[in-house]
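There are 6 protein chains.
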Amino acid sequence: MFYHIKELQFEAKPDQPNALMAKKLQELIGGQYGEMSVAMQYLFQGWSTRGNSKYKDLLLDIGTEEIGHIEMLATMVARLLDDCPIEDQEAAMKDPAVGAILSGMNPQHAIVSGLGARPSDSVGNPWMGSYIASSGNLLADFRANLNAESQGRLQAVRIYEMTDDQGVKDLLSVLIARDSYHQNQWAAAIAELEEQEGILVPSTFPREKERMDIAYNLYNFSEGEESSTGRWAQGTALDGQGEYQYVQQPKPEGAKPILKPAPLKTHNTLPADMQANTK
Amino acid sequence: MFYHIKELQFEAKPDQPNALMAKKLQELIGGQYGEMSVAMQYLFQGWSTRGNSKYKDLLLDIGTEEIGHIEMLATMVARLLDDCPIEDQEAAMKDPAVGAILSGMNPQHAIVSGLGARPSDSVGNPWMGSYIASSGNLLADFRANLNAESQGRLQAVRIYEMTDDQGVKDLLSVLIARDSYHQNQWAAAIAELEEQEGILVPSTFPREKERMDIAYNLYNFSEGEESSTGRWAQGTALDGQGEYQYVQQPKPEGAKPILKPAPLKTHNTLPADMQANTK
Amino acid sequence: MFYHIKELQFEAKPDQPNALMAKKLQELIGGQYGEMSVAMQYLFQGWSTRGNSKYKDLLLDIGTEEIGHIEMLATMVARLLDDCPIEDQEAAMKDPAVGAILSGMNPQHAIVSGLGARPSDSVGNPWMGSYIASSGNLLADFRANLNAESQGRLQAVRIYEMTDDQGVKDLLSVLIARDSYHQNQWAAAIAELEEQEGILVPSTFPREKERMDIAYNLYNFSEGEESSTGRWAQGTALDGQGEYQYVQQPKPEGAKPILKPAPLKTHNTLPADMQANTK
Amino acid sequence: MFYHIKELQFEAKPDQPNALMAKKLQELIGGQYGEMSVAMQYLFQGWSTRGNSKYKDLLLDIGTEEIGHIEMLATMVARLLDDCPIEDQEAAMKDPAVGAILSGMNPQHAIVSGLGARPSDSVGNPWMGSYIASSGNLLADFRANLNAESQGRLQAVRIYEMTDDQGVKDLLSVLIARDSYHQNQWAAAIAELEEQEGILVPSTFPREKERMDIAYNLYNFSEGEESSTGRWAQGTALDGQGEYQYVQQPKPEGAKPILKPAPLKTHNTLPADMQANTK
Amino acid sequence: MFYHIKELQFEAKPDQPNALMAKKLQELIGGQYGEMSVAMQYLFQGWSTRGNSKYKDLLLDIGTEEIGHIEMLATMVARLLDDCPIEDQEAAMKDPAVGAILSGMNPQHAIVSGLGARPSDSVGNPWMGSYIASSGNLLADFRANLNAESQGRLQAVRIYEMTDDQGVKDLLSVLIARDSYHQNQWAAAIAELEEQEGILVPSTFPREKERMDIAYNLYNFSEGEESSTGRWAQGTALDGQGEYQYVQQPKPEGAKPILKPAPLKTHNTLPADMQANTK
Amino acid sequence: MFYHIKELQFEAKPDQPNALMAKKLQELIGGQYGEMSVAMQYLFQGWSTRGNSKYKDLLLDIGTEEIGHIEMLATMVARLLDDCPIEDQEAAMKDPAVGAILSGMNPQHAIVSGLGARPSDSVGNPWMGSYIASSGNLLADFRANLNAESQGRLQAVRIYEMTDDQGVKDLLSVLIARDSYHQNQWAAAIAELEEQEGILVPSTFPREKERMDIAYNLYNFSEGEESSTGRWAQGTALDGQGEYQYVQQPKPEGAKPILKPAPLKTHNTLPADMQANTK
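Keeping their order, the protein sequence lines are chains A, B, C, D, E and F. Per my numbering, residue 1 is the first one in the first sequence, and the count goes up by one each step. Per my numbering, residue 1001 is the first one in the second sequence, and the count goes up by one each step. Per my numbering, residue 2001 is the first one in the third sequence, and the count goes up by one each step. Per my numbering, residue 3001 is the first one in the fourth sequence, and the count goes up by one each step. Per my numbering, residue 4001 is the first one in the fifth sequence, and the count goes up by one each step. Per my numbering, residue 5001 is the first one in the sixth sequence, and the count goes up by one each step.
Hint data in this document are derived by calculation from the structure and do not stem from the laboratory. Bear in mind the structure is a predicted one, so any value in this text is a computation, not a measurement. Hints are not guaranteed to be accurate.
Unchecked claim - Partner residues are not named here, just some residues of chain C that face chain E (Cβ under 7 Å, in silico):
{"no.": "1", "residue": "Glu2027"}
{"no.": "2", "residue": "Val2123"}
{"no.": "3", "residue": "Arg2158"}
{"no.": "4", "residue": "Thr2163"}
{"no.": "5", "residue": "Gly2224"}
{"no.": "6", "residue": "Gln2241"}
{"no.": "7", "residue": "Gly2242"}
{"no.": "8", "residue": "Tyr2246"}
{"no.": "9", "residue": "Gln2248"}
{"no.": "10", "residue": "Pro2261"}
Where is the CB? At the ideal position from N, CA and C, for every residue including glycine.
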């Protein structure tokens, strides 16, 4: 069960309106690695966690925090759209500087959302449930989380570099710091789980059931030997259970697949030598 | 530039047809973490890598391998659909065992693809470009890759447990082994990069520009203290640059946001005290 | 800013596991009119409300409540999936009753989410940001909200009729009651706004700018006169500003559109009489 | 069965080409609340109406009208794209005014559709079947329709304010007038149904089956009391069957959910105290 | 402008209800090659045709016909869902034959659409605007149309083979016949255009601007020589302007691409030899 | 199984960076008819081909070639984004020429992909599996392929006309030439199949099962007789099995559909005359 207070956790006020920045910040709201994604990802993971109350609590702590991040960004976007000219745009565009902004802004900010944020990314794709991961396996999911915080901080940092608006920078410096913590934090949780389970997800599958003879091979499918010099191509594997091998010339083990002709009533194309019979 | 040979890298032959297994295996072809995802993810990352030829070669080695994985699974799906009854299904359903299979199979396998694989997941969602990550930052992307291989192996293992078809198990034991290697391999590549750059992505952003005072805090937004006992809530952070803090009662730093009324011509709802003026 | 407590607002415990019911309940989580939709719709509306703090507070009250509804349903789905057989499904399907359940269940519940809820609807479509409305105009949006609560209660009621599991019915009887209140509540909010503004959205557009001569006409485009007997075809319009008219035989006012040929370099098909010139 | 005549119901001729306006008008063709949505929504509702021929006729009258609205807008878009420079754009962009237009236009209008309209919105998202509602319950659906006409008129009005092209304004003044009628008309149909059935959708569910003790409560989940002053928080509810209650401090009725551990073969993360057993 | 009459062009009455057939027929309504696709494809092409009134008229004739096809199928689906048990499904499933139907049916037919058709395909994917083609080039688009009618007839024929319901067969025999005509008709229109323009789309691009030295080569990228025996690998090309060539061993003409390092502020991974400078 | 070499089949170097051209070229990578579509379409068709090794080999030859086309375009996009200003964009936009480029570029190229290509089209829609066709019927699919190559060449040609960058033109002249060959090649394969099977897809369905009396009719659903003058309206049909007929005034053969009322527990709106009974 959730409660809300009206105060923002951190301030979200630009120095001045800027419809192009509003468009860019949408990536951090509704993009693949935006705040909607991390909020929903952590909450679904938390709600589905079976046992493991320490991790469940952690997921729900952070999932709840992230809803507040959407809130701060939505507030920022609304303020960046203050005074955005709905009317008489065609006249206004005679000024080239104004023209560049009006032609580049997200038209849905004016037409659809009435100067409010959208649940979409910076090019207008709606946020999708298929952006998130929640598998029931915490080590797998914490890796998804570490990735999300890495991509998210990278994007926030890039937008930070684009702007000279101190208010926008102030909010981004908060989000960047939180993404730093969340990387530090998922990395710690991953280390804890890997210590218990080893590095392979899932740890519970008996390894004798997999093809162990090919489980440490790097196949050189792209000509050139540079990849053979990495740690992943020689020495004991990180899981401690095998030796990395570099396979310079990968060969097929399987045969050419010949598929059985489909029955006539599929109306597939029949093999040429069967066609006589059907006429 | 790519070349193809007709032989499969590994065999892909079920012991017998099974339309329900064909439907499940679609998750490994066109699901969020299926082979289309890893193939495209590694290739786009490889094509976009600037410098770093060792990693570029690695990405292209594995991306190329993964196209062959789609091929093996597509072959397996086609064979699992052999003899699938297109005609007279309604009569056939009078047998309950047949009925359960026909009602549960993916109808597009019969109607749309003519007993071939689809570029879709196990419930029929088409594969989407938004499943993949390619950011230009290799540490971020290798974390995406480690996650993808973790989720992918988890899914393959779950399907392995469902079946007693030895041919299907044989192919899955290959895919599981390759996912093992790829976890071992991305983990090694990540270790190499983290040693150089530290654990925070991106490493190149000057940390004094972020809000360092909040960059190590765990906020207790979900009531209950279990999360405070983790490694992420105490001691020196994994990045070595701060001390984890547990904030038992998070307080807002920002104010309640009051948004400026929109201009009349947005035709937004006006604040009640401004409405008199517009009538 | 948001806070969470672990207790559910209402209990969410089925009498027994049921993977088919888990699949159906996904409609109420991630469907077009599920709880993800109303939660996000009310929060985005609330965050974007300019002035009008009474409505803003209301939106945030209810948006926050709805996140808790997702939580209760996600918990219910996880419990309905307890004991769901991952392994040896093919053997289990020899029992027809089990076969019907296994063939009908959502395969992603077993393969992808590890017996947890998915951010998707009952056929597996991921939730999308394009399901929600947030326009800046509260009367428009409250109509969207009343619609959402109407469709949502209808769906919950239909699922209620399908089941004989008392635990599922108990949760649905809560959700149905809340949808009742929310209909009652948005209807009251709409009445309040319509009293102030009239019934046309937006109320701020000067009506003399629209084609008032056609603003009260029902055009009989589908042969048959039944629609002419409704209130919308005669008498004073509900907005009080015109008389409804029934137009028995609608006639075109515009001409046949003749489009100008495209320049050669669009490589469109040229009109036949221009083609000679380009060869 | 449908018939078509070539004449447009109303004229659709801009004063001059304008590729940016063409992009904006796409929202009214293929957006969430564009003409494709209302056309398909009314037709699917009409085709699915069981009995109730008065409403069925109405739905088919208006659904048929709306196909003609797509036609007028598609014609307008094609004309706004007349003379749009496909060739030598890079040279043309040296003029800043031209540059603003070319950089802001929808590139698919030039590359993909050859200066014709697209079945997409103003940022290029394709129209989707999931935009529409058709539930079998006419009161629910008429609320969806009233919402669609409200959002649609709002968007048309906003675009009207942006332009000074009299031809575009003329078409918009027609569409705005029709949206006025359709609001007036759905409101009348809703009033008629509510008089028969009451305001709750669906009216046929026995209310004693829902949790009537919570069916009139406004829960104060977002701190602040402003919402308590509304009509929805006091007095007899609009449905006449209960009294609105304001719950100042909502308390949970349910317990903390503890989920049962998943079987080993799901390969979920096991609760810590069970992990010893699996090694 | 469009008109509608209530009569169906052809009858649409199943012999008896069948929820599984209702699900399958959705492919013909809202699938990639269903009737929504051809209706919208022909109408958008027709509305965008510049000059060429013979083709424009043809497109609008057939586009209008296809809306009536959606109508017939939507009617058929609604009737196939007559008597579909909404209530007490769990009890009903104790009968295995009923169980197979209830577990296999589209749950949205019961929960969402109230026994009406959905704008979706047979696995529930909503119809999308991106299914259609409308390019401004009629020869290109007529090829899209011929493909759509080929795929559409193939799907209808496959469903015909599945059923023994004479009413369903009767409607399908109509749709199959119309798809026959439409193949015959687009083939004739294509022949007419190819005679005028030649077979290459677009015909208006000066061929000396393309790399004519490689414009007739079949590259043997997949090992095996079977494809070399086709008409496309020898003799004069169908366009009459070159000789087909079979290139047994394709060789690269380009260099290995080395991408320029990105500026520091993209926060991409820097090439290893540049990293020293940034610390 | 696939192999890769690092060399590009053809060079992919622009004369100079150009972020707007990078955005446009995305259409050829991840658009409906871009290289991802043809690569995946041909590979899925090839992998699913049953027998017919000549066509299977052809499909795999060309599918493999097309992966290399994505690679060349991804390389070109990365180079067009060289030196793209991530930082200080707001200052840079004071120059109108720079402003037009920065406001028009794809913001995800800077924020998300770090100056690399995206698996998306020119307006940012992610590539989708639902773009491709693979039906098991080769004649149907080769028509899909001919269409794809026609639309693809058309788009490439349009972009060619827009640019004056010789490096971009050089790559496009390669892609245009390959699209020429592929049109020539699919046309030849189609001719071969049509000679064997006739022009109707599928050829294996017994024609007496379709409504032959309506299988050659052009219905004049859009007023105006221009379409009656085409080859498709008179003379022997191209399939040689009937005579084209022009039906000047199409009449319905079916009745007005009256749908049976739904059971009470669907909670559909009841027909007015049944409502008394339920109260």
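Hint-by-hint comparison with the structure:
no. : hint    : in the structure
1   : Glu2027 : holds (5 Å)
2   : Val2123 : holds (3 Å)
3   : Arg2158 : holds (5 Å)
4   : Thr2163 : holds (6 Å)
5   : Gly2224 : holds (6 Å)
6   : Gln2241 : violated (27 Å)
7   : Gly2242 : violated (23 Å)
8   : Tyr2246 : violated (16 Å)
9   : Gln2248 : violated (12 Å)
10  : Pro2261 : holds (5 Å)
The structure fails hints 6, 7, 8, 9 (numbered hints given earlier, in ascending order).
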